[in-house]
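Chains as they are written, first to last, in this note's numbering: chain A, 1 to 890; chain B, 891 to 1001.
Hint data in this document are derived by calculation from the structure and do not stem from the laboratory.
Note that beta-carbon positions come from the ideal geometry of N, C-alpha and C, so glycine has one too.
Hints may contain errors.
[What the hints assert, rightly or not] Result set (DMTMM-like, lysine to aspartate or glutamate): computed pairs, CA atoms no more than 25 Å apart in a straight line:
#1 LYS957(B) - GLU24(A)
#2 LYS67(A) - GLU955(B)
#3 LYS925(B) - GLU29(A)
#4 LYS945(B) - ASP85(A)
#5 LYS925(B) - ASP61(A)
#6 LYS38(A) - GLU955(B)
#7 LYS945(B) - ASP61(A)
#8 LYS38(A) - GLU960(B)
#9 LYS925(B) - GLU41(A)
#10 LYS945(B) - GLU72(A)
#11 LYS67(A) - ASP903(B)
#12 LYS957(B) - ASP28(A)
#13 LYS957(B) - GLU40(A)
#14 LYS793(A) - ASP482(A)
#15 LYS945(B) - GLU29(A)
#16 LYS925(B) - GLU36(A)
#17 LYS38(A) - ASP903(B)
#18 LYS957(B) - GLU26(A)
#19 LYS38(A) - GLU913(B)
[As the list claims (entries may be wrong)] Far from chain A by the CB rule (all over 10 Å, computed), these chain B residues:
#20 THR901
#21 PRO914
#22 ARG975
#23 SER989
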Amino acid sequence: MRMEHWLYEIPLRVRSLFRRTRVEQELDEELQYHLERKTEEYIARGLTPEQAHKAAVRAMDGLTQCKEECRESRGVTLIENAVHDIRYGLRVLAQSPGFTAVAILTLALGIGANAVVFGILNGLILHPLNVPRSESLYSIERPGAFGEYQSYPDYVDLRDRNRSFEGLIAYSISEVGLDTGNNPVRAWLYDVSTNYFDELGLQPYLGRFFHAYDEHGPNSAPYIVLTHAYWHSHFQDDRGVVGRVVTLNKHPFTIVGVAPPEFRGTLLFFIPDFFVPLVNRTQVEAADSLGGRGERWIFTVLGHLKPGIAPAQAVADLNSIGSYLEQNYPKDESQMTFTLARPGFSGDTVGRPIREFVTGLMLLAGLILLAACANLGSLFAARAADRGREVALRLALGASRNRILRTLFTEAILISLMGGAVGLWFSVVLLGRLNAWQPVARFPMHVPVNPDANVYIVALALAVVSGILFGIVPVRQVLRTDPYQIVKSGSRSSGGTGRRITVRDLLLVVQVAICAVLVMSSLVAVRGLARSLASPFGFEPRNAMLVQAYLMMAGYSDDNAPAIQKRILEAVQSIPGVSSAALVDNPPLVEGWNPDMVFSDQAADLRPKYAAATAIRYKISPEYLHTAGTNMLTGRNFTPHDDKDAPRVAVVNREFARQVFGSVTEAAGRYFKMRDGTAIQVVGIAEDGKYTTNIAEAPQAAMFLPILQWPTIETWLVVRSDRDPQALAPAIRGRLHDVDAGLPVFLETWKKGMDGALFTSRVATVSLGVLGAIGAMLSITGIFGMAAYSVSKRMRELGIRMALGAQRIEVLQAGLGRALKLLVLGSAAGLGLGILASRVLAGIVYQATPRDPLILAGAVLAMLLLGLLATWIPAQRALSLDPVILLREE
Amino acid sequence: MSRPSDLVQGTLDLLLLKILALEPLNGWAVSQRLKQVSGDVLQVSDGSLYPALHKLEQQGWIAAEWKASENNRRAKFYSLTRLGRRQLEKEAANWTRLSDAITQVVRLEEA
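Isolated chain A (complex conformation) (with noise of 0.2 Å):
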């Protein structure tokens, strides 16, 4: 369009804008004159005055059409009428609160529940890492339960032979004594190749990262990076630290910057406090060197893919790595084929379930929604079927059909974005407490969902589809309305809605279908959580204390660590109320777990590849097993005598003995052999238990070895007491500082000690749960609204039949009875969708499969007892009809 012709017709639009009553006026008259002239013209041809006037009006088709074609040509009619529309659309609504009120509410639910679970897409998987360029970012995994794990050497072959990779970082997980003068405090922090923040791309907040030239073999860079949130919550954002000496685990480090504040890491959960190169490992870790190539201790590695380079390529030139390096290190090597993964998990592994599962979430989610929308769909068609009589009336009074249309648009989505608003705002509280929210005490773990511009967008989005949607159901309806017909007999055309299926049954039946799945799934979910936490431990986590204590961030060593375990020991075992307490190297269900290869006794080959097993290993003192509640199959348990000088035992789990010897009883006194060739003989096998931190495992092999004998310096007390095991706390704290002061120990129970290993079972019953609960709420109401409108509908029929003497049976059947047998439609084709998505379903949870005969009839009897719930109230009103009052007021 031209500039002069918008200079002449902004001016003229603006004016009619605000100006209108004159703009009006001007029409009237104008068309006034016209009318004028007509009927002169008609009464000098010898009609009447009157009759020219009618003629007149008839030639101009109506003057009240003819205005409103004259406003629509003028354009301005588009905003003036959507003006109009949201007036008499708030009037409208504001006139019946209550059926205002449920459908907002039940919009609300809909794309709250939607823009929560878009907010956790969007979070976790849409944007995972927040570092430049991260959609080229990929890490490296190999087959296997640990494939993300990579030794040292490994890492540096990968990063110096591969073409493929603009750099490759690596990582790992550590925990350490920080002294910044007084004692130290526990921290977490990244064990970083130097090159870390130079290949992710990223500036420094304050001072400055390391670099890969400030390293020079081990122990070379004691350099700190602070990330900003630790720098704020610890140094009260200092900018004086940079330079700063400070000791990690006794040995002194110079923090030399700050990162950026977005920048939380390369791994989404697990939020460190600071990053430390990963040269300087021993002295953050027990860990004596940077470990051979068997040692596979490194998280992650990951990096930069170049530009023109697919993943497939990516993994072919890692492949021949992989298989020079079989070549090379036989020994050590096998299985070295790499896959890639995207990075923000720990591995495909366990990125993606977790992105099924959000992805399943977000099905769920859209499905809640279109069930919201069809129960606002069958409501909005309802009340336009009530409204038939307004809507005749404001045809035949000069209305376009459009424009009735476009009212009946407005009030959908008036309460469309009125919902959306209840349910974006609902959702923005209930992200931002799910931001802050440290599910699992002893780490810094993080869910990052911080709403953004996308979810705004995304929830705005939704509100306008999806009262579109539910705003398209009544246009059939208005659009055969005949004016003519309902103004003449002054009641609704259609007449008998009779026996013929309608748009409203068919919508009823897809909610309740949609429904039936939403609380099928949800009640597999929480009948998994249930198995889940049935099943034995292999260990009684009731009344048992868990107390870490570190050793390492204390300055001891393997080689005193013994003796001050003992003396921890002895100091908690004294404490009145103490029953029993014993030390494990790590206990399980807690915190990572230590997988061994194991040989047979008989093999002479100690490669990977000729392994009889991979046990968990578990270094204990005698009285662990008792003290655990772990009970002996056979044989028998440790004794002190059990040391060093003593020959090399084992107990060994249930599934141990059937893996390696083949049978419990075969098991009993026989010898394997670990990695490094020693020989340790079987003298007891336990039952078998949960030992990583996943509550769903697969029995695994599992091995105890006395800790006399295998010394390390990871203590972990387990403290079983015939109280509340959290009264004795400030004993054992009061009896570990008096041991020595400077240790840093941490203590909770082993219930909360699980709350990770049960994390992932938790939230997704919680999730599915909460679905479930909101799909029975849009049930209920769904067939609430329908059950009362036919009984509303049929009040007077209701009312004859009675005072014919029909009898109560037959009323509710007569008023009630197609809304039932909807529901029982619904629920049955839902019900057969849910076992048909049973495999989703059983991927997402633990122990879940849908087909459980409780589940199934769970599900029959939740439906019925909704359907009972909803159409109790219309039920009631249509006992209680005087059929006498009913027909007298007709």
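Since the structure of chain A is provided, determine the placement of chain B on it from the hints.
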């Protein structure tokens, strides 16, 4: 909705522009003039005349002014703007082209 059924879409604009190009007129006079010049062939109902005029005004092709009418009453007179004159030339040229083409087709001799 009343649309002139026997008028080719868009030609009403052309007619109105042309009529107003001769002299400024009010709506009533426009309708009279239409009837007069086309010898009652082109029937434009009053119901579609005014919306069309308003649309032309909105587009800046004609401008309105309140003046005394031929019988000394206040009436809204429309006149062509500069923009409208350009538009008229364009539409007239278009029309000539189109009608020539159609005439050619209609005059084809049947074999």
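Each hint, compared with the structure:
no., hint, in the structure
1, LYS957(B) - GLU24(A), "holds (18 Å)"
2, LYS67(A) - GLU955(B), "holds (19 Å)"
3, LYS925(B) - GLU29(A), "holds (23 Å)"
4, LYS945(B) - ASP85(A), "holds (23 Å)"
5, LYS925(B) - ASP61(A), "holds (18 Å)"
6, LYS38(A) - GLU955(B), "holds (21 Å)"
7, LYS945(B) - ASP61(A), "holds (18 Å)"
8, LYS38(A) - GLU960(B), "holds (15 Å)"
9, LYS925(B) - GLU41(A), "holds (14 Å)"
10, LYS945(B) - GLU72(A), "holds (9 Å)"
11, LYS67(A) - ASP903(B), "holds (19 Å)"
12, LYS957(B) - ASP28(A), "holds (16 Å)"
13, LYS957(B) - GLU40(A), "holds (20 Å)"
14, LYS793(A) - ASP482(A), "holds (20 Å)"
15, LYS945(B) - GLU29(A), "holds (18 Å)"
16, LYS925(B) - GLU36(A), "holds (18 Å)"
17, LYS38(A) - ASP903(B), "holds (23 Å)"
18, LYS957(B) - GLU26(A), "holds (13 Å)"
19, LYS38(A) - GLU913(B), "holds (21 Å)"
20, THR901, "holds (17 Å)"
21, PRO914, "holds (14 Å)"
22, ARG975, "holds (12 Å)"
23, SER989, "holds (26 Å)"
Going through the hint list in order, the structure satisfies each hint without exception.
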